[in-house]
Amino acid sequence: MARSPVFPPRAAKRPHLLTQHGDVRNDDYFWLRDDSRQSPEVLGYLRAENDYCMQTMAPLEQFQQALYDEMVARLPKKESSVPWQRNGYRYRQCFDENAEYPVWQRQPAELNNGDEWRVLLDCNNRAQGGAYYDLGALSISPDNRLMAVTEDRVSRRQYQLHVKDLANDIWLNDAVTDLSGSVVWANDSATFYYVKKHSVTLLPYQVWRHRLGDVAENDELVYQEEDNRFYVGIYKSRSTEFVIIALHSTSTSEAWLLDANDASAVPQCFLEREAQHEYDLDHFQAQFWVRSNRDGKNFGLYCSPETNQDKWAVVQAASHTVMVEDFTLFTHWVVIEERENGLAQLRLVDSRNGRQQRLVFDDPAWVVWTSNNHEPDNEWLRYVYTSMTRPQTVFEMNMRTGERRLLKQQEVFGFDSQHYQSDRIWIDARDGVKVPVSLVWRKDKFTTGQNPLLVYGYGAYGESIDADFSTTRLSLLDRGFVYAIAHVRGGGELGQSWYEQGKLSHKPNTFNDFIDVCEALLARGLGAPDQLYAMGGSAGGLLVGAVANLRPELFRGVLAQVPFVDVVTTMLDESLPLTTGEYEEWGDPHIPEDYWAIKAWSPYDQVTPQVYPHMMVTTGLHDSQVQYWEPGKWVARLRELKTDDHLLLLWTDLDTGHGGKSGRYQYYDTVALECAFLIGLAEQRLG
5 MARSPVFPPR
15 AAKRPHLLTQ
25 HGDVRNDDYF
35 WLRDDSRQSP
45 EVLGYLRAEN
55 DYCMQTMAPL
65 EQFQQALYDE
75 MVARLPKKES
85 SVPWQRNGYR
95 YRQCFDENAE
105 YPVWQRQPAE
115 LNNGDEWRVL
125 LDCNNRAQGG
135 AYYDLGALSI
145 SPDNRLMAVT
155 EDRVSRRQYQ
165 LHVKDLANDI
175 WLNDAVTDLS
185 GSVVWANDSA
195 TFYYVKKHSV
205 TLLPYQVWRH
215 RLGDVAENDE
225 LVYQEEDNRF
235 YVGIYKSRST
245 EFVIIALHST
255 STSEAWLLDA
265 NDASAVPQCF
275 LEREAQHEYD
285 LDHFQAQFWV
295 RSNRDGKNFG
305 LYCSPETNQD
315 KWAVVQAASH
325 TVMVEDFTLF
335 THWVVIEERE
345 NGLAQLRLVD
355 SRNGRQQRLV
365 FDDPAWVVWT
375 SNNHEPDNEW
385 LRYVYTSMTR
395 PQTVFEMNMR
405 TGERRLLKQQ
415 EVFGFDSQHY
425 QSDRIWIDAR
435 DGVKVPVSLV
445 WRKDKFTTGQ
455 NPLLVYGYGA
465 YGESIDADFS
475 TTRLSLLDRG
485 FVYAIAHVRG
495 GGELGQSWYE
505 QGKLSHKPNT
515 FNDFIDVCEA
525 LLARGLGAPD
535 QLYAMGGSAG
545 GLLVGAVANL
555 RPELFRGVLA
565 QVPFVDVVTT
575 MLDESLPLTT
585 GEYEEWGDPH
595 IPEDYWAIKA
605 WSPYDQVTPQ
615 VYPHMMVTTG
625 LHDSQVQYWE
635 PGKWVARLRE
645 LKTDDHLLLL
655 WTDLDTGHGG
665 KSGRYQYYDT
675 VALECAFLIG
685 LAEQRLG
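FYI, the numbering for the sequence shown is 5 to 691, going by the working numbering.
In case anyone wonders, no lab produced these hints; they're calculated from the structure. All values derive from a computational prediction rather than experimental measurement. It is possible that some hints are incorrect.
[To be verified] Restricting the straight-line Cα-Cα distance to at most 30 Å, the calculated cross-link-like pairs of lysine-lysine (BS3-like) are:
1. K301 with K168
2. K438 with K665
3. K301 with K81
4. K665 with K81
5. K412 with K646
6. K438 with K449
7. K412 with K447
8. K315 with K301
9. K447 with K81
10. K603 with K646
11. K646 with K200
12. K168 with K200
13. K17 with K646
14. K82 with K168
15. K17 with K603
16. K603 with K82
17. K603 with K301
18. K665 with K168
19. K82 with K412
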């Protein structure tokens, strides 16, 4: 029997005029914004879109389930992390068979029987009765007797804090709500600090001090940030002598110090903020260690017993070609995480004699980072290495002798690295700039010029999208897809200048780079011209939304995940989380020049009557970063104006936010849907 035709929902059009700088924009779908997320009409529309999405995908329902099953089958049913040591105990997290969430455990470091582990927190029990659960922090007091945890059960990144007495195995009455994920103990083990979020904008802006046994109403405000361009965070120094309040905007930093040994400490400014000066701070062995861009955009590393910049000694000078990204301090070593030619590197510096060495890796592209090095008086460095053809691998290296131990490699059932090939190439953009691209494909599925090609891009905030391993990507590679990461301008892959060339008035470079990379990959035979797909999430969703407006005929399909697409309207609304702190990223549309520049590329504002590719758009009702109505409005306007009969699907997860489902297995529900969409188009089973 023939299947009945499925018709997409049509959102009601209600004129809503928005006027700025004499320019009038009519937003017919403004009504889809509901801050309460309880409007029957709005929820009804989102459910109608979900129904249409499921009805359209119904012919692939069994295939989608098969994709989910094969993704889950690659995971070990039971899994444990490599234990790490901290303050006299070993810790690990484990997944029991078929469990959605981890169990956190510890044992005394001197215990000889490694099988005797005590459960600190079973996240499966904590998650019961809710659709979402995220553990923000698990922080043990210095005396090892208390545990503070922060938990999000709504998916708005608004955490609740609770404290457990580990010695007596009871939860205390101490509780705090609406905070960011971090919590830091003072050294008395009776006081801790946390960061409150603004109730409307969700910006982390206040540091509070809590004393055990007090009600939250008696907590003491320690610091409040008045400039809403800055985000507030806290952490403990490596020396444990300070609780550090870190303030960061897109281009400026400031740090304040709290004496961790004084439960009534008053914060002291380390170095006052200065426009365009960014720095990160740590303290160890009576020295302040500072990562700073004072001498160059790509940052250098300095140390000094004083805050006076004139006294800072250079540990690693700022370079035009090498970006200093982070550092870890040991008693006799400094490990610097840096990036050159787009690739992450580890540099070891012997602080006794200044000798340096850089670890050597042999994949075409890779990512490496330090991990769980909590004991500074240690010669062994722990780090994680992965590439597009190598699962995550945990190593331990003796920094004195060079001996290396493999501690664990991620188990991926059914995977054989010999079947896959990765590469790193450089593409000439239209203005002569060379753009790095990371690629991976399955060797026996590749035929020059005939494969479906999926290109992923982000290009914002100076964030680097690294060439890492993905178990879910295998489902695409095994069906003939070539997967590419376009490391476009706006990201941080090639240093601060690379970032600056893709922000503010230079934002169009991000879109042009992506288009130029796609065309060049097709010209080199790395994909079939009629089988090109674009994918991006959040700011990457903005990217693929913009290129869909600019060059819709280039792509067969577009996958936009939680896309930031209504840029003008959002950046004019200071009540939203993704606004004031980001004027230095996108521009401030209250300024005429910025307004017109943003409007010229904003995906929602630039939808026009033309043929668009097949598109799937995903969002989460409780998204705190990109509000659900942005993709909702975008899809509604696309439906109204596009001149084709190509698929346009909107999927809204009504229980989650920006990161999707929280469970270990639940996460793959949406991933399987997205992969079914892409494979369905490639195999002509959709569209």
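We went through each hint and held it up to the structure:
1. K301 with K168: Given pair K301, K168 is violated - Cα atoms ~44 Å apart, limit 30 Å.
2. K438 with K665: violated, 37 Å
3. K301 with K81: Violated - the C-alpha atoms of K81 and K301 are around 46 Å apart, more than 30 Å.
4. K665 with K81: holds, 19 Å
5. K412 with K646: violated, 50 Å
6. K438 with K449: Satisfied, since the Cα-Cα distance of roughly 29 Å is no more than 30 Å.
7. K412 with K447: This hinted pair holds, its Cα atoms lying about 27 Å apart.
8. K315 with K301: holds, 20 Å
9. K447 with K81: holds, 29 Å
10. K603 with K646: Since the Cα atoms of K603 and K646 sit roughly 19 Å apart, the hinted pair holds (cutoff 30 Å).
11. K646 with K200: violated, 44 Å
12. K168 with K200: holds, 21 Å
13. K17 with K646: Judged against 30 Å, a Cα distance of about 16 Å means the pair holds.
14. K82 with K168: holds, 26 Å
15. K17 with K603: holds, 21 Å
16. K603 with K82: Given pair K603, K82 is violated - Cα atoms ~50 Å apart, limit 30 Å.
17. K603 with K301: holds, 29 Å
18. K665 with K168: holds, 27 Å
19. K82 with K412: Holds. K82 to K412 sits at ~14 Å (cutoff 30 Å).
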